[in-house]
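Number of protein chains: 2
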Amino acid sequence: MKRVMIKVAYDGTGYHGFQAQRGLATIQGELTRAVFLLTGEEVDIIGGSRTDAGVHSMGNIAVFDTDSRIEPANFSKALNTKLPGDIVVWCAKEVAGDFHPRRRASRKIYEYTVLNSEYDIPVYSRYSHHVRRKLDISAMEEAAKRFEGRHDFTSFCTLTNDTRDMDRVRTIFHAGTAMDEREESLLRFRVEGDGFLYNMVRIMAGTLIETGLGRFTPDDITRMIEGKDRRLAGHTAPAKGLCHMETIFLESE
Amino acid sequence: MKRVMIKVAYDGTGYHGFQAQRGLATIQGELTRAVFLLTGEEVDIIGGSRTDAGVHSMGNIAVFDTDSRIEPANFSKALNTKLPGDIVVWCAKEVAGDFHPRRRASRKIYEYTVLNSEYDIPVYSRYSHHVRRKLDISAMEEAAKRFEGRHDFTSFCTLTNDTRDMDRVRTIFHAGTAMDEREESLLRFRVEGDGFLYNMVRIMAGTLIETGLGRFTPDDITRMIEGKDRRLAGHTAPAKGLCHMETIFLESE
Numbered sequence: 001m002k003r004v005m006i007k008v009a010y011d012g013t014g015y016h017g018f019q020a021q022r023g024l025a026t027i028q029g030e031l032t033r034a035v036f037l038l039t040g041e042e043v044d045i046i047g048g049s050r051t052d053a054g055v056h057s058m059g060n061i062a063v064f065d066t067d068s069r070i071e072p073a074n075f076s077k078a079l080n081t082k083l084p085g086d087i088v089v090w091c092a093k094e095v096a097g098d099f100h101p102r103r104r105a106s107r108k109i110y111e112y113t114v115l116n117s118e119y120d121i122p123v124y125s126r127y128s129h130h131v132r133r134k135l136d137i138s139a140m141e142e143a144a145k146r147f148e149g150r151h152d153f154t155s156f157c158t159l160t161n162d163t164r165d166m167d168r169v170r171t172i173f174h175a176g177t178a179m180d181e182r183e184e185s186l187l188r189f190r191v192e193g194d195g196f197l198y199n200m201v202r203i204m205a206g207t208l209i210e211t212g213l214g215r216f217t218p219d220d221i222t223r224m225i226e227g228k229d230r231r232l233a234g235h236t237a238p239a240k241g242l243c244h245m246e247t248i249f250l251e252s253e
Numbered sequence: 001m002k003r004v005m006i007k008v009a010y011d012g013t014g015y016h017g018f019q020a021q022r023g024l025a026t027i028q029g030e031l032t033r034a035v036f037l038l039t040g041e042e043v044d045i046i047g048g049s050r051t052d053a054g055v056h057s058m059g060n061i062a063v064f065d066t067d068s069r070i071e072p073a074n075f076s077k078a079l080n081t082k083l084p085g086d087i088v089v090w091c092a093k094e095v096a097g098d099f100h101p102r103r104r105a106s107r108k109i110y111e112y113t114v115l116n117s118e119y120d121i122p123v124y125s126r127y128s129h130h131v132r133r134k135l136d137i138s139a140m141e142e143a144a145k146r147f148e149g150r151h152d153f154t155s156f157c158t159l160t161n162d163t164r165d166m167d168r169v170r171t172i173f174h175a176g177t178a179m180d181e182r183e184e185s186l187l188r189f190r191v192e193g194d195g196f197l198y199n200m201v202r203i204m205a206g207t208l209i210e211t212g213l214g215r216f217t218p219d220d221i222t223r224m225i226e227g228k229d230r231r232l233a234g235h236t237a238p239a240k241g242l243c244h245m246e247t248i249f250l251e252s253e
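One line per chain: the protein sequences are A and B, in this order.
So the first sequence is numbered by the numbering used here: it starts at 1 and just counts up by one.
So the second sequence is numbered by the numbering used here: it starts at 1 and just counts up by one.
If you are wondering where the hints come from, they were derived from the structure by calculation, not from laboratory data.
Fair warning: there could be bad hints in the mix.
No copy labels: a pair is met if it fits in one copy or bridges any two.
[Stated by the list, open to error] Derived BS3-like pairs: lysine-lysine, alpha-carbon spacing no greater than 27 Å straight-line:
no.	residue 1	residue 2
1	Lys77	Lys228
2	Lys93	Lys2
3	Lys82	Lys134
4	Lys93	Lys145
5	Lys228	Lys134
6	Lys240	Lys82
None of the values given here were measured: they were computed from a predicted structure.
The whole structure should be built from the sequences, with the hints applied where relevant.
Structural data, given as C-alpha cells:
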C-alpha cells in the first residue's frame with residue numbers, strides 16, 4: 001500500500017465544489033472515478049483545500065492510498081487520460097503513509113479577482129466578480145493590511161455544524177491588492193495564511209469590495225476582527241472570483 | 001432612420017463565429033435577436049470583424065439601422081438586458097448613415113495566447129492554446145518582426161470562394177510577443193494591421209509556434225511571405241487562443 005499525493009488544477013465552474021456529494025459533479029468525485037478507471041480501486045481521496053462550488057484552483061493537494069503497480073510519479077499522466085479537460089493533475093509522488101494534507105503545517109495562498117469596469121468583459125467573467133462602481137483601491141489596500149497577523153476570524157467565517165466549535169484563530173502572513181499589469185480593470189486580492197475558515201477569503205473579499213465602495217473604512221476592518229461576530233463584516237463575494245493558488249507544506253512531505 | 005454603432009465584447013466559446021448561420025448560435029444572430037426584442041425591427045447587423053467559431057473579442061464593432069425612438073447611446077444598456085451573459089455591448093452611438101465598419105480605414109489589433117507548460121491549466125485553457133514542449137521565445141519574437149510591413153499575405157490565408165480574387169496585400173504595423181507579467185507560462189502574440197485575411201492571425205500564430213519548436217527559422221518566415229503559397233507556412237493555430245482586442249477607425253465615425 002502506497003500513499004500518493006497529487007497536485008490538481010481545475011476550473012470549478014462546472015463543479016459542486018471539491019468534496020464528493022452524491023449525484024453531483026465534484027472534483028473529488030471525478031478524481032475517485034479516474035483512479036477507479038485506472039486501478040479498479042475505490043479509493044478515499046483526502047483533499048487539502050475543500051474548495052466550494054464554483055471556486056477554482058491552480059494546484060490543490062489530494063492524497064489517496066493505492067495497491068496498484070503504477071509508479072506514483074506516473075499517476076499525473078495516467079489520471080489526466082481519465083479526467084475531464086477542466087481538471088488537470090500537475091504532479092504526483094509517493095508520500096509517508098500518515099501524510100494528511102489538512103493536518104500538516106502549511107501555508108495557503110488564495111486570490112480573489114474583481115473586474116472593476118462599467119460593463120462586464122466576457123473573457124474575464126468566468127474567473128472574476130464584476131463590480132460596476134469605481135473602487136477606491138488605496139482604501140482596499142489599507143484595509144487588506146488589517147487582516148495581517150494572528151487573529152480570531154469569527155467575523156469572517158460562515159458557521160456550520162462542523163465548524164461551530166472549531167478554533168477560529170488563524171495567521172495571515174500577507175494580504176494585499178494588485179492591479180493586473182495588462183488589464184487595469186482587473187484587481188486581485190491575494191492572501192496567504194496558515195489556514196482559512198469556511199468562506200473566509202470570500203467574506204474578506206466582499207468586505208474589501210464594500211470598503212472600496214466607501215461603506216467601510218480600514219478601521220472598520222480592525223473593529224470587525226475584534227468584534228468576533230459575522231454580522232459585523234461585509235457580504236460573501238461570489239465563488240467564481242476565487243482561486244486557490246498554492247499550498248506550501250512547511251516540513252517535507 | 002439612424003445608423004447605430006456598437007462595440008461588443010464576447011466569449012466566442014459557445015458560438016459558431018460572428019456571422020449568422022441558420023440554426024446555429026452566432027454573435028450576429030444574438031445581436032439581431034436582441035435588437036428585435038427591443039425594437040420589433042428585423043435589422044441587418046454589419047460586423048467589423050467576422051471572427052471565426054470559438055474566437056473571442058474585447059470590442060468588435062457592429063452597426064445597424066433603426067427607426068426606434070431609443071436614444072443611440074442607450075442601446076448598450078438596453079441590449080445587455082436582452083443578450084446572453086457571454087456577449088456584452090460596451091458602448092453605442094449614432095454614426096453617419098453610410099458608415100460601414102469594414103470599408104472604413106481602420107487598424108485592428110489581435111492577440112493570440114499560448115500556454116507553454118507541461119500540463120494545461122484549466123483556468124487558462126478556454127482562452128489559450130496549450131503547447132507542452134518548451135518554446136524558444138526569442139526565435140518567435142524575431143520571427144514575428146518579419147510580419148511587419150506591407151506584404152502580400154497569400155501564404156498566411158485560407159482561400160475560400162469569397163476571398164480567392166481578393167487583394168491579399170496588407171500592412172502590419174506591429175507584430176511581437178510578450179510573456180504575461182504574472183503567469184510566465186502565458187505567451188501572447190500581438191499583431192496590429194490595417195486588415196487581416198481569413199485565418200491570417202491563426203496561421204501566423206501557428207507558424208510562430210512551429211518556429212518556437214525549432215521547425216522554422218525567422219528567415220523561413222520571410223521566404224514564406226515571398227513565396228505566396230499557403231503550403232509554405234505552418235498550421236492554423238486553434239481558434240480558442242485568438243482574441244480580437246480592438247478596432248481603431250482612422251477618420252471620425
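Outcome of the hint check:
{"no.": "1", "hint": "Lys77 <-> Lys228", "verdict": "neither (46 Å within a copy, 41 Å between copies)"}
{"no.": "2", "hint": "Lys93 <-> Lys2", "verdict": "within (10 Å within a copy, 65 Å between copies)"}
{"no.": "3", "hint": "Lys82 <-> Lys134", "verdict": "between (44 Å within a copy, 25 Å between copies)"}
{"no.": "4", "hint": "Lys93 <-> Lys145", "verdict": "neither (36 Å within a copy, 43 Å between copies)"}
{"no.": "5", "hint": "Lys228 <-> Lys134", "verdict": "neither (30 Å within a copy, 50 Å between copies)"}
{"no.": "6", "hint": "Lys240 <-> Lys82", "verdict": "both (25 Å within a copy, 23 Å between copies)"}
The structure fails hints 1, 4, 5 (numbered hints given earlier, in ascending order).
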